[in-house]
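Asks: Protein chains in written order, with the numbering used here: chain A, 1 to 376; chain B, 1 to 225.
Keep in mind the hints are simulated off the structure, nothing from the lab. From the three backbone atoms N, C-alpha and C, an ideal C-beta is built for every residue, glycine too. Fair warning: there could be bad hints in the mix.
Some chain B residues close to chain A (C-beta under 10 Å, calculated; not the full set) [to be verified]:
#1 Y17
#2 A18
#3 W91
#4 S134
#5 E166
#6 W225
The list that follows gives simulated cross-link-like pairs (lysine to any residue, SDA-like), each with its CA atoms no further than 20 Å apart [to be verified]:
#7 K10/A x G165/B
#8 K73/B x E228/A
#9 K53/A x E146/B
#10 K73/B x P185/A
#11 K328/A x I338/A
#12 K53/A x E150/B
#13 K222/B x T349/A
#14 K10/A x K114/B
#15 K10/A x Y54/A
#16 K10/A x E142/B
#17 K222/B x A350/A
#18 K10/A x V169/B
#19 K10/A x I178/B
#20 K53/A x S139/B
#21 K58/B x F224/B
#22 K222/B x G347/A
#23 K53/A x E142/B
#24 K10/A x G164/B
#25 K73/B x G135/A
#26 K114/B x S126/B
#27 K111/B x S139/B
#28 K111/B x G116/A
#29 K222/B x Q252/A
#30 K10/A x E174/B
#31 K10/A x Q143/B
#32 K10/A x T167/B
#33 K159/A x E9/A
#34 K10/A x M141/B
#35 K222/B x E352/A
#36 K10/A x S139/B
#37 K73/B x A350/A
#38 K222/B x A120/A
Each chain, written out:
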Amino acid sequence: MSEKIMQEEKRVFMTGNEVVAWAAIAAKADIMYGYPITPQNEIMHYWTRLVPKYNKAFLQTEDELSAGFTTVGGVMAGRKAFTATAGPGNTLMQEPMSMAEMMRLPTVVVIQQRGGPSTATVIYSQQEVTLTTLGGNGEGMRIVYSTANHQELYDYTIKAFNTAWKYRFPTFVLGDGYQAKMREPLTIYRPEDRGMQIIEPQAYVGLAGVPGRDRPPAHHRNTYNLEEELYEKVSHDMAEFERIAPEVAEFQAENTDDADLVVVGHGVVFRAVREAVNNLREQGHQVGYFRPVTLRPLPVQQIKELSAGVGKILVVESAYGQLARLFKEVAYGGTAEITHFFRPGIGITATEVADRVKGLLEPVLRQPRLRKASFG
Amino acid sequence: MSIINKDRIVEAYIGEYAAGKSEAALSRALELAALGRKVTLVDLDIVEPCYTLRPVQKELMARGVDVIAWETKETLGLGEAGATIKPEARWALRRPGDVILDIGYGVAGSKTLKLLEGADEDPFLSVICVVNTSRPMTSGMEQIVEHVREMGKVDGLINNTHLGGETTVEVVQEGAGIITRAAKNLGLPVVATTAPAFIAGQIGSVDCLGNPVRPLAGMMSKAFW
Numbered sequence: 001m002s003e004k005i006m007q008e009e010k011r012v013f014m015t016g017n018e019v020v021a022w023a024a025i026a027a028k029a030d031i032m033y034g035y036p037i038t039p040q041n042e043i044m045h046y047w048t049r050l051v052p053k054y055n056k057a058f059l060q061t062e063d064e065l066s067a068g069f070t071t072v073g074g075v076m077a078g079r080k081a082f083t084a085t086a087g088p089g090n091t092l093m094q095e096p097m098s099m100a101e102m103m104r105l106p107t108v109v110v111i112q113q114r115g116g117p118s119t120a121t122v123i124y125s126q127q128e129v130t131l132t133t134l135g136g137n138g139e140g141m142r143i144v145y146s147t148a149n150h151q152e153l154y155d156y157t158i159k160a161f162n163t164a165w166k167y168r169f170p171t172f173v174l175g176d177g178y179q180a181k182m183r184e185p186l187t188i189y190r191p192e193d194r195g196m197q198i199i200e201p202q203a204y205v206g207l208a209g210v211p212g213r214d215r216p217p218a219h220h221r222n223t224y225n226l227e228e229e230l231y232e233k234v235s236h237d238m239a240e241f242e243r244i245a246p247e248v249a250e251f252q253a254e255n256t257d258d259a260d261l262v263v264v265g266h267g268v269v270f271r272a273v274r275e276a277v278n279n280l281r282e283q284g285h286q287v288g289y290f291r292p293v294t295l296r297p298l299p300v301q302q303i304k305e306l307s308a309g310v311g312k313i314l315v316v317e318s319a320y321g322q323l324a325r326l327f328k329e330v331a332y333g334g335t336a337e338i339t340h341f342f343r344p345g346i347g348i349t350a351t352e353v354a355d356r357v358k359g360l361l362e363p364v365l366r367q368p369r370l371r372k373a374s375f376g
Numbered sequence: 001m002s003i004i005n006k007d008r009i010v011e012a013y014i015g016e017y018a019a020g021k022s023e024a025a026l027s028r029a030l031e032l033a034a035l036g037r038k039v040t041l042v043d044l045d046i047v048e049p050c051y052t053l054r055p056v057q058k059e060l061m062a063r064g065v066d067v068i069a070w071e072t073k074e075t076l077g078l079g080e081a082g083a084t085i086k087p088e089a090r091w092a093l094r095r096p097g098d099v100i101l102d103i104g105y106g107v108a109g110s111k112t113l114k115l116l117e118g119a120d121e122d123p124f125l126s127v128i129c130v131v132n133t134s135r136p137m138t139s140g141m142e143q144i145v146e147h148v149r150e151m152g153k154v155d156g157l158i159n160n161t162h163l164g165g166e167t168t169v170e171v172v173q174e175g176a177g178i179i180t181r182a183a184k185n186l187g188l189p190v191v192a193t194t195a196p197a198f199i200a201g202q203i204g205s206v207d208c209l210g211n212p213v214r215p216l217a218g219m220m221s222k223a224f225w
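Extracted from the complex, chain B is given alone in its bound form:
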C-alpha cells in the first residue's frame, strides 16, 4: 500500500455509551487538520445513531476535515430499522492521509471495525477506548479494566472524565487517577486526557499523572439526530 505515509495517523475511537467518543474523535481530527495534515473523519456509529457527528459535518468540513457521514435526511429507520455505513466508509483506510474513525458504543460498536477493508492489516491503526469515570458503568478501576477487556483490540485509553456543564479541574484529575491505574493494570498507555478548552487551559499541557492534555472542540452539543 504505497499511498500510506510512514507518519500516518489512523485512530479508532471506541468505548462505553455516551463516553465522549465522537467529541474526542472530531477534536482529534480538527487538531490534525490545524497542523496542515490531510484528515478524513468517518462516522461509523451504527449502534445507536442518535447522537453522532452527522449534524456537524458541514462545520467540520469548513474547518478542513474531510468527513464521511450520512446526512440525517438521507437515512431511513434510524435507531430501529438497522443502520448502514456509507459505501465510502468501507474503503476509508485506503485513503491517503490521516484517518479518524468514530465508532458506536460497546462491544457491538468495536465489531464495526470489521466492516472496513484493511482494518485487520493496517499497521497504523490504533484503537483508543474513551472513558468517563462520571459514568457509573466505568466509575471504578476494576470496572474499567473489565470493560476494556470486553472490547477486543485496544491500544490505549483516553481519560474523558467530565460532568457536562459542571466539569471542574478536580473532576478531570480524579478521572485521570482512576484511568491511569486501570491503564497500568491493562498494560496500556493513557493516550491523553481530554477536557473542554477552558478546563484544559487550567490543567496545562499534562495532567496530574503526566498524561498529555487535549482540548475538546465542544461541537457535539450541537449534534442531536
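The following block holds chain A by itself, in its conformation from the complex:
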C-alpha cells in the first residue's frame, strides 16, 4: 500500500528537516536508523510518519554510536540506509563512519550542525566542518555536500544516495540548525521524472549461492594484520578518492574575474555572502564570491586559480576557522591575501559581511580606477 503522494512536481512549504525526510523517500531510501538530537529531530519524526505510507522502516537505537553502526549494517545487508544527527551525536558517529570508510560502504548521514564544543547550543553553528570532513581515525575519504537552502537540501539529499552508491565512500549532507528549522518554499519532485537514474543498492552479505563454490566468499575487512597490508589498502582507496575528486567537487562562483576581493563562504552563510556581494556590486565595488558546495573533496583547481588571480580573499564562517583551514591548505602557493571573519556558533548577516568587506576595500578605493565609472 505504497502511497503515491509525489506524483508530480509541486511547490510546497516546509521546514528543512522535513525536506530531508521527503528527499529520502524520493531517493528510494529503505530504512533510517536514528537517535534523537536537536536540531535534527524532525528528520526522524517526519520519516517515521512517512514510513507506513511508503512501506519503509525505522529503528531508534540506544545512541548515535549504534545508529551509525546499524546504518553500516543496513547498507551491508543491501538496504539503502541512512541516519541523521548533530553535534555530540556527530562525534559519536565518527567511529562507525570511519569503519564505513575502511570498508568502502555507501552510508548517507545528514548533519544539522548545532553549537559546539559538546552539547553547547541546540540552535546553530558551522562548527562541524572539521568533524564531518576529516573526523575519525582515517584520511577523510568522504564526500560532504554543504547546502544553503531547502531546495538544495532536497536536491543534495537525493544526490547523496546516488553519490554514495556510485563511489562507495561515506557521503554526508551538511546542513545546520537554521536550515533545519527554517521554513521556505521549494519544489519536490520524483528524480526519475527529471531523468535522474536512482542507483539501486546491492547487498554485501547474505548473497545467494555457496561461498567458495558458486561465488567468492564475502570477506569485508575493517582490520588488517600488517602495516604493509594496510598501507596498500589505504593508498589504493586514497588514489581512487583523488581520482574521483574532480568529478565529485562542486562550487558556485560569480564576479571573481575582475574582483579586488572575493568572499568565500559555505552553507547557510553563503546566503549572506551572496546578498552582500550583490549589494556591493550595485554600489560599484569590484567584489565576487566563491562557494564550495562540496567541502570534501574541495574544488581544488578552482580554489588554486582563485587564490592565484585575486588580490584579497575573505573567508566568512560561523566557526573559528574550520572552512578557512581547509581552504588555505588548497590555496597554498597562491598570491591572494587571505583574511577572515569568524563568528563561531552565531549567524552572519549580509550587512555584517558587507561592512567587513568595505573595511578591507578602503585602501584599494583610495586609488581611483577608471572602470568603476561605469557603475555610476
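Given chain A, work out where chain B should sit, using these hints.
Replies: The following block gives chain B in isolation, referenced to the frame of chain A:
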C-alpha cells in the same frame, strides 16, 4: 466563575508543525486588542519551542496584548531537555477578558491544553486547527480530515494556505477550497481564511467560499529561538 463575560473569546490554536499557529494566534490577539478588548496571549508551545512568539512578546505588549511567555534566556535546555510552561500560563483561563492560546504542534501539542486549569469546563473555549495545504502532510482533503480527527476536540478550521514569500491570491483560494471541503466532511466550520495583509486586501472580506478573511500581522518572521 463570575469574572467571565458572556461575550468572552477564548481560542486555542492547534495544528500541524509549521502550519502557522503562532502567526494566526498573535494576529487574532492583535485584532481583538485593536477593538479595545482586554486580551491575554499565552505561549503554550512545549513541543518544539524553536519558533514561538517569545522573541516578539515585547512588541505584542506594546501593541496592547498581555503576553504570557518565557524570555528565551530564562529557559533551559530548549528543544531537548524538556520544556515547562510558565506558572501563570496554567491559570490563564481564570483571567478576565479574552484569552488566546498558542499551542505546540500535533497531537502532543493539543494535549498541552490539559495542563490548563479549567480547560475541560470552560464553556467559551474554542479549539481551532490551523491548516496550510502547501504543507505536504495536509495537502489533500482526506489527509486534512485524518489529521484533524487525530487532534482530539476541534471546533473549527483556519485556512492558512501560503507559500511564504511566493504566496498569491490563487494559492490562498485553492487552499480555501480544499479546507472547506474537509471542514464539511468533519462537520466543522471554517472560522477564517488568514493571509498576509496585502493578499487579504486583494481577496476582500470573504474568500471564494464565503469564509471570513483575516489579515496576518506578519510578526513571526522575526521570531526564531
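Asks: Go through the numbered hints given earlier and state which of them the structure violates, listing their numbers in rising order.
Replies: Violated: hints 3, 8, 10, 14, 25, 27, 28, 29, 37, 38.
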